[in-house]
Structures are given as structure tokens and as C-alpha cells.
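Please model the complete structure; the sequences and the hints are all you need to start from.
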Amino acid sequence: MRYTPHTSADREQMLRAIGIDSIEALYQHVPATLRQQSKINLPEAVSEFAVRQRLAGLASHNATPADWSLFLGGGIYHHFIPSAVDAIISRAEFATSYTPYQPEVSQGTLQALFEYQTLICQLTEMEVSNAALYDGASAAAEAVLMSRRIQSSTRRRVLISRALHPHYRAVVATYLRNLPHVELEEIPFAATGATDTEELARRIGDQAICVVLGYPNFFGVIDDLSSAKAVCSKAGAHLISVTTEPLSLAVLKAPGEFGVDIAVGEGQSLGVPMSLGGPAFGFFACHKKFVRSMPGRLVGETVDCEGRRGFVLTLATREQHIRREKATSNICTSQTLCTLAATVFMSLLGKSGLRSLAEANVLRAHDAFARLQKAAKLEAVFSGPFFNEVVLRAPDIERLFAQCAEHKIVPGIRLKDYYPELSDSFLMTVTEMNQREEIERLVHTVGQ
Amino acid sequence: MRYTPHTSADREQMLRAIGIDSIEALYQHVPATLRQQSKINLPEAVSEFAVRQRLAGLASHNATPADWSLFLGGGIYHHFIPSAVDAIISRAEFATSYTPYQPEVSQGTLQALFEYQTLICQLTEMEVSNAALYDGASAAAEAVLMSRRIQSSTRRRVLISRALHPHYRAVVATYLRNLPHVELEEIPFAATGATDTEELARRIGDQAICVVLGYPNFFGVIDDLSSAKAVCSKAGAHLISVTTEPLSLAVLKAPGEFGVDIAVGEGQSLGVPMSLGGPAFGFFACHKKFVRSMPGRLVGETVDCEGRRGFVLTLATREQHIRREKATSNICTSQTLCTLAATVFMSLLGKSGLRSLAEANVLRAHDAFARLQKAAKLEAVFSGPFFNEVVLRAPDIERLFAQCAEHKIVPGIRLKDYYPELSDSFLMTVTEMNQREEIERLVHTVGQ
Amino acid sequence: MSTPSVNNQRSRARAPKLIFETGSPGRSAFSWPAEEGKLEKHIPSALLRNDIANFPELGELEVLRHFTRLSQRNFAIESQFYPLGSCTMKYNPKINEIVARLPGFAEAHPLAPPELLQGALTLLHELELMLAEISGMEHVSLQPSAGAQGELTGLMLIRACLVDRGDPRKKVIVPDTAHGTNPASSALCGYDVVQISSNERGVIDAATVEKAMDETVAAVMITNPNTLGLFETNIEAIAEIVHARGGMIYLDGANLNALMGIAKPGPMGVDVLHLNLHKTFSTPHGGGGPGAGPVAVTRTLSEFLPVPRIIKHGDRFELQENCPKSVGRVRAFFGNFGILVRAYSYITALGGDGLEDASRMALLNANYIRKKLARSYHLAYDEPCMHECIFTDRLQQRSGVSTLDIAKRLLDYGHHPPTIYFPLVVSGALMIEPTETETPETLDDFIDAMLTIAAEAKEDPELVKDAPYATPVRRLDEAKAARKPVLRWESSSRADNSED
Amino acid sequence: MSTPSVNNQRSRARAPKLIFETGSPGRSAFSWPAEEGKLEKHIPSALLRNDIANFPELGELEVLRHFTRLSQRNFAIESQFYPLGSCTMKYNPKINEIVARLPGFAEAHPLAPPELLQGALTLLHELELMLAEISGMEHVSLQPSAGAQGELTGLMLIRACLVDRGDPRKKVIVPDTAHGTNPASSALCGYDVVQISSNERGVIDAATVEKAMDETVAAVMITNPNTLGLFETNIEAIAEIVHARGGMIYLDGANLNALMGIAKPGPMGVDVLHLNLHKTFSTPHGGGGPGAGPVAVTRTLSEFLPVPRIIKHGDRFELQENCPKSVGRVRAFFGNFGILVRAYSYITALGGDGLEDASRMALLNANYIRKKLARSYHLAYDEPCMHECIFTDRLQQRSGVSTLDIAKRLLDYGHHPPTIYFPLVVSGALMIEPTETETPETLDDFIDAMLTIAAEAKEDPELVKDAPYATPVRRLDEAKAARKPVLRWESSSRADNSED
Ligand SMILES: Cc1ncc(COP(=O)(O)O)c(C=O)c1O
Ligand SMILES: Cc1ncc(COP(=O)(O)O)c(C=O)c1O
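Residue numbers (our numbering), protein chains in the order written: chain S, 1 to 448; chain A, 449 to 896; chain H, 897 to 1396; chain L, 1397 to 1896.
A few of these clues could be false.
Derived Cβ-Cβ restraints for the label pairs, each shown as a range [as the list claims (entries may be wrong)]:
hint	chain 1	residue 1	chain 2	residue 2	range
1	L	Asp1749	S	Gly447	33 to 43 Å
2	S	Thr33	L	Ala1430	35 to 45 Å
3	S	Gly259	A	Asn489	27 to 37 Å
4	S	Ser8	H	Glu917	52 to 62 Å
5	L	Pro1509	S	Ala370	41 to 51 Å
6	A	Gln461	S	Gly307	30 to 40 Å
7	A	Ser674	H	Arg1271	51 to 61 Å
8	S	Gly259	H	Lys1066	36 to 46 Å
9	A	Gln461	H	Ser941	33 to 43 Å
10	H	Arg1271	L	Ala1851	46 to 56 Å
In case anyone wonders, no lab produced these hints; they're calculated from the structure.
Here a beta-carbon is modelled for each residue, glycine too, at the ideal position from N, C-alpha and C.
Given below as C-alpha cells:
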């Protein structure tokens, strides 16, 4: 059988060694009533060649940037990935190892994670980072949960910006729904597209656990973290920033510079393919003083019995396998290989490369926006500054999307399902991968 | 600059360390008359992304089996390659190491080559194999040269079958052209498509160095090695078999079983992509008694100073870097990574897999042939048994190829440039990769 | 006897530096054509940052060499036997890596219109059906990112259903043999955890559940086979009791590799279970993920499944977002799609019979090891096991050699150790799960090593207690790491790295 | 003082078996749907063989683990500094591996009609032009599979041209510093080899050539820079002499990495040269190939170039097979196309300035090492070098430490040794070519190691003479290997493995 190497001779000899005469004997203690009578009802085994054909067939029924012009973002971005990234994460030593429970033979993974933690701290200007969580949305939820653990139990309100990615708000709600003494409230956004911090100031009161903002937010707008921080400080609430496009942090002031308490986000932009939105990873960084309340793995530096530097999983007493129901989170398997991709990606691009890539996004997105305004009379819905995506209003949006589809263009993400009041608007994203010709074609098509 | 890591600070500091103030100082001894005045006249450096776009563009202008039905062989075959093969040869430890001159840190390459040599011996039933040569054609030429070295210098005639691959005959001629005391003569083929061994018997005389036959030959026909061997033995000539489709050796009697003296061939079929005909490798196997006359690298087993088994390049006294103009060949860099691919490929398919793949070729090719005979009245030009390719005569071959081209089919290789008398014929190859539907379409198209 | 390292002064190769300790200011492995325009024109400079301090500046070869060397400091399935109990470290087929990287999958955008994602949606739909068939359940959601998130999702489904019936209840019963994620997920779902003990034969008695079960209990979490590698023989009876009192059965399906084609969870009375595709279905573990933890449920629970749901309309697939009773979203987008592609590829390659064979050979390998080591190591439970067997260090403790020492010594023999000190109910547990993809020859190698270590433990205990010797680093000071955590590199001295 | 291995009894990991010593009858990692029909129906059974005796029978994981472990016993550019003189072990860019595997290239069939190969032919044509521009020659053939085949092809071109003029001539002049392939290729082309000596400054005097040159000499083969890393300063004068007597200049371009943008071979009076794309143009060496050794020629020689030639008609490319004066075919099909794609990718990425920078940095790195080691090792020629510098073991010989010992000791420091004992004119040569893709930090690491070894050679020569210690195997008995060659595994005893 594929992947099971046992020949019939092997089976015989092993059964003999065990002292039984059939494999069934090994599960005789499975009650007869539960034994499966019929075979698993699935198609027959096929050759590797057939598998390849089969999946290539399915893959060919998805649109890719090679045959469609996609101006899509909204939390997942098409960015260039140097071929060296896949070369490294494809190495079996990284790809086929387990969570590094045996540090003596896991220094590769452990050191890479230590480097990842450092890179996230540098990118966010925060003091500590964990070794990542599932995705940006669950990272946001875990941030709220950690804040709740840290704050006095008299505080019960979690304030979340309506300009935060709708999926993220939904996930936070799901994670909180079953927990006692906590309410989730949404803060509206202003005409700038940024969270309305004046409204926030009015609403925050003195019982808020934390305030959660997008940076940049779902509209691509760069939220005003400094005002938000001022409001939070006064109210004794934690400020949590959520970044769905981490490439922006190469040019934008880092959350840490605003005194954000917990900075989380989605890491996909940093060297991980879009892959329908997963797998990538959620990054999670915060103040050093919170470290023993953090969720997820932490890798720390130490020495071996000969004094050589080495790395280990540490502060495990926070985790489920030690603390069980008292753990800071239930997470076990995380997204390590994706964080490795990000570590290699950030190391390759480095200080100047990451910045120039981010600049290319800003400039190309604003250039496309300017041409659309001119040629196609599309107006921005919001006035706030944006990174690489912007919300545009289209008088006849149905027709516009239909026209574009005819030219194999998807101009952006329609917002009607997320914001009824924006049913005539869409979120257009432009990255460095959207070629000039594509933008030309978009402008021309929409201009008609 | 891409790939040169030196910062300007690095350059400064290194120049200072060397004690010069400009790089030009390092080539001041290059005569001014020879110094390049103008810059290299090539396009500017481009990003990795641009390189990828550029080459993807070029690649898209070649036909591949994905969009065309190609019934092409003639020395290069489209066979299935398990993904594990590329996974191994992509490992930097194999791909970016040099010829194993330092055995202590090259045991990976050396052991793999030792295994390769053994696999070739098993496949050909010969006693020794070298670590491969450039390709099948140059291997054929080297075989003739070795035979010439071994035979008494009174022998001067090299008899080569006209049914051997035309490129191979051309390369042998090129290699012999400048050498003294050797003539190349061609032996015709019979109505079977096999080499005319009766004619060979008549012509061989007692001054022949060697006889060179294809097995299978260019027409796909399985040459009669046993009669050829009988003739050669009587005449004291070496028999050299040349296999362009080594997969056939999984079902055909091995050259060694016929007493062939030197068995060479092209290895591409064994796990190496077609890649426009290269790189792959030429295999070269012979009697043990010839070993010190062999061309190319040889890996041998030995022990280290602690008695552990290890492998080294051996019998180097045959080679150019020791023997210089007296070397058995001028070859230095060979095709090691391709032989590694073949080693992994043969190990994966193994005894039963290689056989079943070969059988699939025979059966599918004969099935296609039978349908073409029935539906399209195409006749085989030759009567001899064949492996996975057959020569067909088409009354109106121009029209047939034109018709097929309209349906994105290439029915085979036209023979007019190689054999004027076969200008109305073509060589059709069918491998396991030619899907049933493709064969249907071929039969249907040709049948019209 | 203190033992010199094998990396003695004769071997002078340097340990790898940190990426931050290499490179040079101004270096980069990346180039991108400059765009015209100025950043400040579009974003107020008050919002712009300076260069990222101490961020890497290396060339391409430098980066590749750094991470290649790091990789050489890992054990992995493809270079070592890796019998980590409860982790199902089976072969991760190469073809899965190829298909997951097809542009049609790797470059699909989750928010593209569904018409442009029909290939992906077809795959997801078919994978749901495959997993439902294999587990004997009605419906599947592929959203959860890993087992623990599957547990959380599954418990949320139970809770949502109970709320719908008018009472969420308060408690979840968890056996003492359960994986730590079980109680942790229960707490995260707002439940109090009641721990029950398994009996002297390592399984749960119906009576124990009977005693603990009441109208405040929402669910009982059962792992089957449990973490002792034993089949929970009373599961039917337990399910009856729990259902009779209005509770539900959550099955931790992490060990499904023991059951495929042998016994489906569905008929056991399971209401919801999660699967670990990164265990049973061969997706690579990646040094700690990504994985995928789909949940499979009964018809009753299906209306509560997370959104989006994939709905088939004729031969088209659509996404359903508003399902009034759904627990909502558990993560953004569609789950770890790239992992789901690999699992689909694996199931397609093996087919039903292949999966059954996998489970049967997993049992055969585990019992072979159990039998061969039974004389030299103390078996926690001396009876046939399913996919893994648990030994203890009781015999070796006589000469002061512990499970940890045995594990470390195995490294010198080139094998990854079993899972150690888990499950907690077995003191000094050595939890061995060979999986079906290992040959008897490899098992024999491992068995030889274990037997030799048993002998060493008798004759030269110090040799074992100071192990390992052949690893890039030797035993690491974990206490030091926890006492004054250094969790990141810093340009300045390490002092300020301590917690305030 | 005998030195214990670092792989002492504490490290018990097994050395890898041979693939033939693993597996089990009936195992296979491969499955293919059976075709209906019987073999015997189509091929007479007299022509059919039995199963291949002792052929491998393994599972997929077994095979992968076997070769993965083997790979871990190699040094390579991506994990070690690899300053092998004359081999130009520079970084092999990953993007080259990606583009070479594009189906449009990897699955192109060489005998498809040219209309279906326009992409490949365009690439080949443009690469010919690029290499002509870089080398300053008129025309290029990409056929030769490696440098040595390039030499043979180049000499054949010369001979064909001389034959065309009525006299093939008899001899080729080769300097004593030449690579072994030069005389070997000359012999293979039917020429007698006349060796001339380079002068005390390591280069060839015009006078020496003057003396050796006569009407029987077809060509002089010059390597520039030569294998001492020195520029042949008299090459113009030499070319004049040779041309005056009707001979030609063959340039061995293996060391072109020193010249790009600095000095073109063409203007030096070169008639034909070969390039090693697997050196100068970054294609991976693969443990011994595949490479590519294109030849570049003057207009005079172009009509003799091997077939097929690629001809541009408007914007289409065609293949020209009948060129009456061509030397014919030197190999089947189009040369090592996959390697040519990589070289094209490399040149495209760097552009003209990038190539010039590569050569300049290659010089800088080599001279940096030359300078830093000059006090501790004897320099064969104490003057600025081009891309590589040559030291000897003269100083270390005083304490009985040889070049071989230094090379082996370097392995313990994790660096691949330089090329040793070549060129032959330097006794105990250590030929160091760092290439331009290495950082100064890496060079300093290497320099430190070399300096430490120089010190060790003084203070503890035995330590160096018994090196290496940290490698998977230590010094191997090469004499034994040659005396009774064992060139293949055999099921039976090894005895019958000896030569008759
Ligand atoms: C029995 C059991 N349950 C649950 C889990 C948690 O799964 P995951 O690590 O995918 O979150 C594991 C894996 O460690 C396990 O072994
Ligand atoms: C100077 C010189 N000439 C010729 C060659 C031969 O090139 P190849 O090994 O590609 O045949 C080499 C490479 O070893 C070389 O260094």
C-alpha cells in the first residue's frame, strides 16, 4: 500500500513476534458492536500521477493573478515572495519536525523562532512577542482575553472599532460569547474612515477592559492611535492594535511608539502565499510585564551544560499541557512553519528592502487611486490617509463589477455584506504585484 | 549589487587592509591596451520578480505535454517522475557541492554515486559502471575510443549500425574524425528494422575494432544482439550496445546477458526531465577487465582510519588531472546531479515499479499502434519487435502532420532528414504519459 | 564521572550566530524597481516611522546559509525515526507539497467572488464528505486551525445547542488521561472542568461517569483510543448515560490513526469530534504547525456549525454566511486551506482501503515495539495497545536513571525520543507511537537502542544520565531560561532583558 | 599521540547503509495502474529478461530518509564556505532553480518542430549574443556539455579551419600551469602536446612561445588569468607570434570570473575560447555536474561551429543542420539546456554592471585573503592576484605538516579546503578562490581558521596531521581503494569484486 512499507512477509513475521495470528487480534477489545462492518466508502487508491492530475484539475478552476487582475486585499495580500523563502521552508528538517519538545535536536526551529520573536518586536516596537498564534483574528481574540485576565475583574466592557476587519470582530465575538462578565461594544468610525476617537472618549467610561482598533483598519485607513492611547490611558483601559497588513509597519509609526499595550495582527503579507487565506499566522506582542499572562509558545535563550548558547521553549507553566484548565490559552499546535517563512522573508528583504516594498505599495496604490479619480470619476468614501487600499464609491456598482468581470478584472471587495450603508462602495487594494498595465486596464475599463 | 554582499564600507575597509586605494590597483598589471574601455553592453540589472516574469514569458512559447499531444521520443522520453526525486536533488547539500575531491565531507555524493554504479551494473548486467558521462551520444563515442585503446593497433575499422540514432552516429564520427588509423563504416538495416547482422558478418573481416548497435535502435526495434555477438566473437571485435531508452532494460534481456563488451546509453528516461534534451547523463558499463581503460570518474569503497566504510574517487591515474595527455578521456565535470536523480528514481520505483512502468510503455504503444493500423490504415515500415516507438509510413505525410497540428498533436518525428528513403515515414513514440484520450484523438484525427 | 563533549576542541566548527549578529549595514538580498513619487505626499510624516532599528541587513547567500545551517540542527521525520506519542509523526508525502503549491491553490484569494473559486470550494466540499465518511458523522466544518481550536469549536457547538434548548449547563467532564487542551478548551468555552479518573486498566468505567454525570454537565470529553493507546471499551455505555441526562459526548479524535476502517466514532454515540489532519492525514507538522482541526458533528449539531458553510447548488458552490444558529466565525476566511489540500491529496492517494491499511499497520508497529521491549521496560498497562504503547522508567529508576535520561540517551543513537511524562497518570511515561509508515527494520533499530540503553542504565548509569553527547548542544538549562526570560535578541546588553 | 574520534562510543548513530542493504522483497514506493495486455504478445520471450537481481525494494519514506541522510554527509556552498580554487564556487541563486523547472522549459522536447520551441530558441539565441558580448567574440555555440568538451570542440574548430587551409598541423602548445583537460583535449583532437614552462613570475614569456612555435603548431592554449591566479601579461605578444606563424590561440576561459567588464578575451588575440557556465555564471555544480562549456569564436572560425546552429529569420528561429564546413555534432540535441536557462537567468538578473561588479569583488576577496595570510603561509607568487591566490605549505613543512594536513584540518573548522596540489608547478599548492559572493566576515572566519592552523602546525603538529576529527568519516584509505577496486555492491562476498 502507498506509504505503508510492510510486505506480507513483514506482516507475518511481526504477527509471529507479537504472538498472534491476525491483526484483528490487536483490536479484539473493540466491542463487536462498534467494529466497522463495511469498508470505508471512498474511491480506490490512485497513483501519484493520478493525484497530481486530479488536483491540477481542481486548481485550474480557481482564478489566479496570472490570468485575472485582482485588486483584492482585505486582510490577505498578494506580495512578492523571494524564491529563497520556499527553498528554506521546504527543507525536511524544518517541515517534518514536531514542536521542539527536545531542544537538543531542535535548535534549528528554536533559534528561528527566537529570531522571529525578535523581528516582531522590532517591527512593532513592542517588548516581547510570542511564537505566533493561528491567524490575525484569533490573535485579536486572544489579546482581548489576555487583557481581561490582567484587568481587574470589575471591568467588563470590551470596545471594538467598527472599522476593524469584520471577520476579526466576528471571531472576537465568538471567543467572548461564552465567557461571563464581559460585554462587547462597537465604536463607530468617522468621516475619515478612522475610528471615531471622540465618540470613544465619550463612551469609554471607567469599566472598559480594552479598546481594539485596526492599524491600518479594514478601510485601509491609518487609525489615530495616539488619540486612542490618550483616551485609554485616562480610562485605565488597554489599547490593542490589530494590523492585517503588516507590510505597512515598515513605513508607519510602530504601535509601540504610540504606547499600545498589545499589538497583534496577521502575518501573511510577510512571505506567506495567499492560499485562500491560510495557513499563515497571527503575531502577538505586548509589554514585558504581561509575559506570564501571554498565550502561546515562547522561546527563550539559555545555555547547555557546557556553557554554549541554546534555546528552549520556556514559561510553559502558562500552557495547557502543564496548567490545563488554568492555562492562558488552549493553543498547542500553532503555525511555526509560516513564522519561519516570515523570518526568512524579513531577513532577505531586511531594513531597506522591506521599506522599499512598502513604499512601492503606497505609491502604486495612490497612483491607481488618482487615475481612477481622474479617468473614472470614482470618489474615495473616506478622507483619511491610507496604505495600499482605499474604499471607493461607485454610482452603479453592479454594472462596474460586471464590466470588469468581462475583462477578467476584480476591482475590489464589495462592502454591502459587511456595511449596509456602504452597499455602493468597494475596497480596492493595489500591491506591488499589480502591474502598471493591469492598472491601465482597470482605469480604462472603469472609465467607460 | 545582487549576490555581491559588499557594502561600500566593506569595500573601503578591505581596500585599506590590502593597502591599496582602488580596485583598479588589483589589475594594474593588465596591459592598458587590453583593459575594457566601455561597459559590458547588456541590459541593466533587474529584480528577481522581473527575471521570473521574463523567463515565464519565454517558457510560455514552448509546447508542453500539458497543452499539446506529443508522440515524441527518439532518444528523449516523457516519463513520470515521482516528486520525491526533485525533493532530493534540490537539497543544497547535493546541488551546491563540487566534485567530491574531499571525501571526508563528500560521503553523500560519493555513496550515491557508488549506488548509481551498482544500479547501472544491475540494469545492464555488466560488471562495472563509471559515474557517468555527458550524454548517450558522447558515451557511445567514448566507448569506441576505449575499444580502440584496448584492441591491437592493427585493427582500424569501426562498424556502426545505420539504425543507431543519427545524432549518435554523428557524434561518434566527430570524435573519431581527427584520430589516426581508424575508419568508420555503416552497416545497413534489414527489413525488420534491425541491423542486418548477415551483412555485418559479411563485412566484418578481421580488422574490426568494434561493432556499435542500438538496443533498442532508433526505429524502436530490438536489435539482435546474440547474432551480433556471435559475429563479433568470431572476428575478435568488441560489441558495443547503445541504449537510448533505458527504461526498456527493465523488460528486455540485458546487454550483459548477450555478452556485450561495452554497454552505454542515455539515462534521461530514468528520472530526469526532458529539458530540450539536456542535462541528463550517459551511462557507461563494461567488463571488469577493462576498468583501467575506462573514461570518467569511478567511485570505490574503502575504509577510514577507524575502519569505517567510506567511499572515494579512485583509479584517478586514468584521468586528465593526473595523466594529462595520456588520460583515458578529457572529461572532468560530468553530470552527477542527474545520476543522483536516476539513483533516487530507480530506488523509488524499484524492482517491480520499473518493470510495471516499462510494461505500461510496451502495452500502451502497441495498443496505439494497433488502433492506428485499424482506424487509419497506417502501416509499420519494419517488422521487428519494438519497445515504445515504431516507424509508420503515411502516404500523404505532409497532410497528416498538418491535420494533427491543427488539433495540437505531433504524431511523431519525421525521418526524411535522417533517412531519405524514409521521407514518407515518421517515428511514433507512446509512453505511459500519453493519456488514452490523447491516443483516441490521434487515432481519430489521423483516421479522417 | 564527568563526560567530555564530543564537540571537543578538535572540532572547531562554530555554532551559528543569530541573524542579528550577522550582516552589515546597507546590505540587502532584495531589489525592487523604485516607484516615482514621495511617501510624504500621501501619508502625513507624523505617521511615518524611521528605519526599523537593528533589522537584518544581509545578502542572499548569507541568509540561505544561516537558515540551512539552522535546519541541520533539527531532527525530523525525513532523517530520523520520530516515535513521538500522540503526535502521529507519519511520513509526509512529497506529492502533497507539490499540489499545495499549485498557483491555483497557493495564489487563490479568499475574498474573490465564489465563481472564481469553484475549484477550491469543490475540494473543500469533497474533503468535508470524505472526513464525514471516515469518522461516521453527518457534517464537517474545516475551519478550525488545529486540534485545540477544533475542541473549542466543538464545545461551542454543544453549548450553542444546549443554549438553544434553554440551558447551557455548567460543567464538562474530562478524564485524567486527557490531553491538556481538553480542559483548557473547556475553560475557554466557559465551562468548569470536572476531572474523572480512569480505572486500573486505563479506561473509564461507565460507573465513574454515572457518578459524575448530572443535569449540570454539558459534555464528557473522551479521547479514543485514549492517550494510553487503549480503546475506551465502555464508550457506548458512557454515551448512553450522558445522553440520558441531556449531555453530549465530545470525542477527541487526535488518535483517529488507530481507528480508520476499524471502528467509526459516529456509532460510538459521539456528538462531535475533531480530527488532526496534521496527524492522521499526513500533513507536515512544520516544527509546530500549521495544522488543521476540522470538527465533525451529528445532524443535530450541524445547524450550529461555524460560518461560512459551503453549499452546493446544482454543480456550483456558494458560501453561506448567515446561519442564525451558527456559533459564528472561529477564524478569518476558510481555515488552513493549504493544509486541507494536502489532506485531500493524501486521502485521494490512499483511498478507503489504504486508510484502513494505515490504521492496521499503525497497530501492528505499536504492538511489535510493545512486545519487544516488554521484558526490559515496565509496561504501564500490559495488554495489546492500539497505535501507541506506554512504558515507564520504573525498572531503570532502580539505578537512578529516569525517563528523561532515557530520552536524552536515545538522541545519541540517532532516534527522536517518545513523548515523555505524558499522560500524567503514568509516572515517568514513555509514550511510543511508531506510526504505520515505518519499516520493521527501523523498529528493530530503535528496539536495539532501547535495549542497549536499558543495559547501559544497569552497568553505567552515569553514561545515560549525562547524555546526550552527540547533539549540537547538550542538556539545556531550562530553569535559567524561565527564571530570567531572555525572549529576544537586543543590541544592548542582555541585562535589561529581564522582566520588570 | 593518537587521537580518538569525536564519533566516540558515546555517539551511537549508525553510518548509513547502502540502498541495497535496506528494504525488503516486494516493497515499492511506486504504483501505476496496470494496463491490460501481455508483454509476451508483443515481444518474443527470448528477448525478455527476468527481474533485475538485487534491485532496490523500498518504501517512499525509506528512500527519502536514505538520501536525506546521505545529503547530510556533504559540505556545500549553501552550508559552508567553499573556496575551491579554479572552481568558482559562488552562490547559485534560487531563482535559477525555479525558472529552470518551468514546464515550458523542463518539459520541452528537443525533436518537437521548431515552431513549438520558439521560446527556447529565443533564449538560446539571446544567450549566444550575451556570451559573445561578455567575451568579446563574434559567435557562440552552446552545445558543449562542460569545459573539457568545450576545449575539445574549440580545438576541433581550429583543426577544421587549418585542414580547410590545407594542413591540420601536428602540435598544440600547453603551458605547465594548464589544467589537465587542456593536454587531454589536445590529444583527443589528434594533436601532440608540447609543454612550455611559465617564468619565475608565473606567466608565459613571449620568448618561450617564440622558441616553441613553428609551422607544425596548430595552437597555443592559454588560461587567462592562469591557474596561478595571474594575468598572462604577454598574451598579446604571444598571439602575434602564433598568428604570424599561422597558428591560433585557444583561451581556456574557466577563469573568466576575474575578467568580466575588466578585459575581454577577444581583443587579446584569442581565436576561440570556452566558458564554464557552472563557474562564472552561477549554475550549481551538483557534486560534479551537469555544467555547460559554450565556445566563443572569431568570425573566421564561425563557419566550423558544431550543428545545429540557431538561425533567426525575421522574428522566428530555425535550426540549421547542414553547414558543410561544420565540425559536426559534439553531442545529441542542444547541449545542457537546463543549465543554459540558469545562466541566462543569472545574466539577466545582474546585467552588465552586475557582472563587472562580480569580477571586481572576486578580485577584492581574493586579494584580501592573500594579504591576510601572507605572513603565516608562503605565497607562491608575492604579487596582487586576480580571482584566486596560491599559497604553499613551505613554512608548515618545517614541522612536517603538509598541504593535505592543512586541508583536512580546515574541515574541523567547518570550511571546505582550497584546491590542493594544483597547479602542479607549485609544490604543495593551496589554491584559494573565495568568489565575490562571500562576505568579509566569512573571509575573516576562514582567515582565523587558517591562522590558528598555522599556529597548531607549530605547537601541536600531530593534531593537524591526524585531522579531521569532526567529519562523519576520517581520512580514507585511498591506496586500498585503488589496489583492489570495489566499484559496486554485490550480494555475494566482496572477494569476487577484485579485478581479474
Ligand atoms: C490527544 C490530543 N488531543 C488534542 C491535541 C491538540 O491538537 P493540536 O496540537 O492540533 O491543537 C493533541 C496534539 O497535541 C493530542 O495529542
Ligand atoms: C582552468 C580549468 N580549465 C578547464 C576546466 C575543465 O572544465 P570542466 O570541469 O567543466 O570540464 C576546469 C574545471 O575544472 C578548470 O578549472
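Going through the hints against the structure:
no. : hint                                : verdict
1   : L:Asp1749 <-> S:Gly447: 33 to 43 Å  : holds (40 Å)
2   : S:Thr33 <-> L:Ala1430: 35 to 45 Å   : holds (39 Å)
3   : S:Gly259 <-> A:Asn489: 27 to 37 Å   : violated (56 Å)
4   : S:Ser8 <-> H:Glu917: 52 to 62 Å     : holds (55 Å)
5   : L:Pro1509 <-> S:Ala370: 41 to 51 Å  : holds (48 Å)
6   : A:Gln461 <-> S:Gly307: 30 to 40 Å   : holds (32 Å)
7   : A:Ser674 <-> H:Arg1271: 51 to 61 Å  : holds (59 Å)
8   : S:Gly259 <-> H:Lys1066: 36 to 46 Å  : holds (40 Å)
9   : A:Gln461 <-> H:Ser941: 33 to 43 Å   : holds (34 Å)
10  : H:Arg1271 <-> L:Ala1851: 46 to 56 Å : holds (54 Å)
When each numbered hint is compared with the structure, a violation occurs for hint 3 only.
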